[in-house]
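Protein chains in written order, with this note's numbering: chain U, 376 to 512; chain X, 63 to 243.
The hints are simulated quantities; they were obtained by calculation from the structure and are not laboratory data.
Positions of the beta carbon are idealized from the N, C-alpha and C atoms, including for glycine.
Treat each hint with caution, since some may be false.
[Stated by the list, open to error] Output of the computed footprint for chain U on chain X, the stretches with three or more beta carbons under 8 Å from beta carbons of chain U:
{"#": "1", "segment": "141-152"}
{"#": "2", "segment": "188-197"}
[Claimed, not checked] Lysine-lysine pairs mimicking BS3-like chemistry, simulated, CA-CA at most 25 Å apart:
{"#": "3", "chain 1": "X", "residue 1": "Lys182", "chain 2": "X", "residue 2": "Lys161"}
{"#": "4", "chain 1": "U", "residue 1": "Lys410", "chain 2": "U", "residue 2": "Lys452"}
{"#": "5", "chain 1": "X", "residue 1": "Lys182", "chain 2": "U", "residue 2": "Lys452"}
{"#": "6", "chain 1": "U", "residue 1": "Lys433", "chain 2": "X", "residue 2": "Lys87"}
{"#": "7", "chain 1": "X", "residue 1": "Lys87", "chain 2": "U", "residue 2": "Lys450"}
{"#": "8", "chain 1": "X", "residue 1": "Lys150", "chain 2": "U", "residue 2": "Lys438"}
{"#": "9", "chain 1": "X", "residue 1": "Lys116", "chain 2": "X", "residue 2": "Lys150"}
{"#": "10", "chain 1": "X", "residue 1": "Lys161", "chain 2": "U", "residue 2": "Lys450"}
{"#": "11", "chain 1": "U", "residue 1": "Lys507", "chain 2": "X", "residue 2": "Lys116"}
{"#": "12", "chain 1": "U", "residue 1": "Lys438", "chain 2": "X", "residue 2": "Lys116"}
{"#": "13", "chain 1": "U", "residue 1": "Lys410", "chain 2": "X", "residue 2": "Lys116"}
{"#": "14", "chain 1": "X", "residue 1": "Lys87", "chain 2": "U", "residue 2": "Lys410"}
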Amino acid sequence: MRVIIYLAIGVIFGITMFKSEAASWFRIYEMFQFKSFHMYGIIGSALFMGVLITQIIKRFNVKSIYGERILFPSKEKSFSRYMFGGVLFGLGWALAGACPGPMFTLAGAGYLPILIVIVAAILGTFVYGLLKDKLPH
Amino acid sequence: MEPWPWYISGPMIALVMFLLIIVGKNFGMSSNLRTLCTICGAGRSANFFRFDWKSQQWNLIVVLGAVIGGFIASNFLTENDAVDIHPKVVNELYEYGFKDAGEAYLPSELFQNNVFTDFKNLSLLILGGFLVGFGARYAGGCTSGHAISGLSNLQLPSLIAVIGFFVGGLIMIHLVFPLIF
Numbered sequence: 376m377r378v379i380i381y382l383a384i385g386v387i388f389g390i391t392m393f394k395s396e397a398a399s400w401f402r403i404y405e406m407f408q409f410k411s412f413h414m415y416g417i418i419g420s421a422l423f424m425g426v427l428i429t430q431i432i433k434r435f436n437v438k439s440i441y442g443e444r445i446l447f448p449s450k451e452k453s454f455s456r457y458m459f460g461g462v463l464f465g466l467g468w469a470l471a472g473a474c475p476g477p478m479f480t481l482a483g484a485g486y487l488p489i490l491i492v493i494v495a496a497i498l499g500t501f502v503y504g505l506l507k508d509k510l511p512h
Numbered sequence: 063m064e065p066w067p068w069y070i071s072g073p074m075i076a077l078v079m080f081l082l083i084i085v086g087k088n089f090g091m092s093s094n095l096r097t098l099c100t101i102c103g104a105g106r107s108a109n110f111f112r113f114d115w116k117s118q119q120w121n122l123i124v125v126l127g128a129v130i131g132g133f134i135a136s137n138f139l140t141e142n143d144a145v146d147i148h149p150k151v152v153n154e155l156y157e158y159g160f161k162d163a164g165e166a167y168l169p170s171e172l173f174q175n176n177v178f179t180d181f182k183n184l185s186l187l188i189l190g191g192f193l194v195g196f197g198a199r200y201a202g203g204c205t206s207g208h209a210i211s212g213l214s215n216l217q218l219p220s221l222i223a224v225i226g227f228f229v230g231g232l233i234m235i236h237l238v239f240p241l242i243f
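Work out the full structure, taking the sequences as your base and the hints as a guide.
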């Protein structure tokens with residue numbers, strides 16, 4: 376049952392990424408050229424709703440459907456890892472035109488070369504794991 | 063079906079985050095890349111990958127759903143997948159050699175099968191993917207984990223990461239693209 380729920384949520388996510396065109400390389404390029412409101416509208420409205428949802432869940436102590444407490448762990452305090460990691464991510468995001476969710480959506484949409492991007496992203500994650508202790512965090 | 067406008071798309075993303083939270087999970091896609099490393103045996107090489115990947119199985123199922131969602135959306139919910147980007151952007155990209163800007167979902171120079179024999183563009187895909195994977199784990203999250211989940215929870219670290227995402231993206235598009243295309 377839980378498997379079906381996760382799968383269904385993923386399907387909704389995948390359809391949203393494709394139909395919103397957030398999975399389009401062209402939209403990412405256009406966003407960084409500030410030539411359209413589209414991507415900013417998507418992120419902005421997702422955030423507006425997201426803040427409301429998160430604050431309501433916290434304020435009213437909403438439980439999960441299984442009756443468990445919902446926790447929002449705070450992110451570790453730091454500057455360098457978020458800035459350095461963020462900039463590297465942004466460079467890749469703009470070049471490949473896809474972030475880790477849409478990558479998989481595009482694979483489903485039948486674009487074979489995205490598999491190269493996915494394998495390279497897994498490799499990038501692996502190399503980070505090897506170098507983790509040597510990097511400023 | 064037409065592409066979805068931003069005011070449908072954004073709330074749908076928030077809905078996905080809400081659904082994951084309400085079933086006791088969280089919205090973050092890039093952690094799956096770490097899980098995939100672990101499944102491939104990366105735990106033998108670095109401590110970072112030594113964890114019980116079965117605890118993250120649910121997220122892999124979400125990703126599988128995202129693959130299926132992409133298949134459904136492109137095959138059954140889209141007649142014309144041309145992305146209607148700004149005419150000025152179409153012209154700029156045309157100058158760079160992207161001939162189907164404004165007429166396709168992805169640039170064919172990078173995402174059609176002939177890229178497999180195009181050394182330059184293939185290298186760019188590999189570099190882009192590598193930076194996404196490396197950067198996401200270094201920053202502790204990607205667009206979903208930081209820009210949506212983290213900022214929704216008003217986390218300052220996520221704001222720093224998202225500023226980083228944009229700094230990196232702007233450098234790539236405005237400074238690096240003119241050099242490589």
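Next item on the list: Please count how many residues of the segment 141-152 of chain X have a CB within 8 Å of a CB from chain U and say whether that reaches 3.
Entry: It holds, with 5 qualifying residues against the three required.
Item checked: Satisfaction of hint between U/Lys410 and X/Lys87, Cα-Cα up to 25 Å -> 36 Å, violated
Notebook entry, point to check: Do the alpha carbons of X/Lys150 and U/Lys438 lie within 25 Å of each other, as the hint requires?
Noted result: 49 Å, violated
Checklist line | Straight-line alpha-carbon gap X/Lys182 to U/Lys452, limit 25 Å | finding: This hinted pair is violated, its Cα atoms lying about 39 Å apart.
Check: Is the hinted pair U/Lys438 and X/Lys116 satisfied, with a Cα-Cα distance of at most 25 Å?
Finding: 24 Å, holds
Next item on the list: Compare the distance between the alpha carbons of U/Lys410 and U/Lys452 with 25 Å, and conclude whether the hinted pair is satisfied.
Entry: Roughly 34 Å between the alpha carbons, so the hint for U/Lys410 and U/Lys452 is violated.
Checklist line | Hint consistency between U/Lys507 and X/Lys116 [alpha-carbon to alpha-carbon, up to 25 Å] | finding: Given pair U/Lys507, X/Lys116 holds - Cα atoms ~23 Å apart, limit 25 Å.
Next item on the list: Assess, step by step, whether the Cα of X/Lys116 is no farther than 25 Å from the Cα of X/Lys150, and give holds or violated.
Entry: With Cα atoms ~48 Å apart, X/Lys116 and X/Lys150 exceed 25 Å; violated.
Margin query: Under 8 Å between beta-carbons, do enough residues of the segment 188-197 of chain X, three at least, approach chain U for the coverage claim to hold?
Written below: holds (count 10)
Next item on the list: Decide if the proposed pair is consistent with the structure: X/Lys161 and U/Lys450, CA atoms, cutoff 25 Å inclusive.
Entry: Violated. X/Lys161 to U/Lys450 sits at ~43 Å, over the 25 Å cutoff.
Notebook entry, point to check: Is U/Lys410 within 25 Å of X/Lys116, Cα to Cα?
Noted result: 43 Å, violated
Check: Is the Cα-Cα distance between U/Lys433 and X/Lys87 25 Å or less?
Finding: With a Cα-Cα distance of about 15 Å, the restraint between U/Lys433 and X/Lys87 holds, given a limit of 25 Å.
Checked against the numbered hints given earlier, this structure breaks hints 4, 5, 8, 9, 10, 13 and 14; the rest are met.
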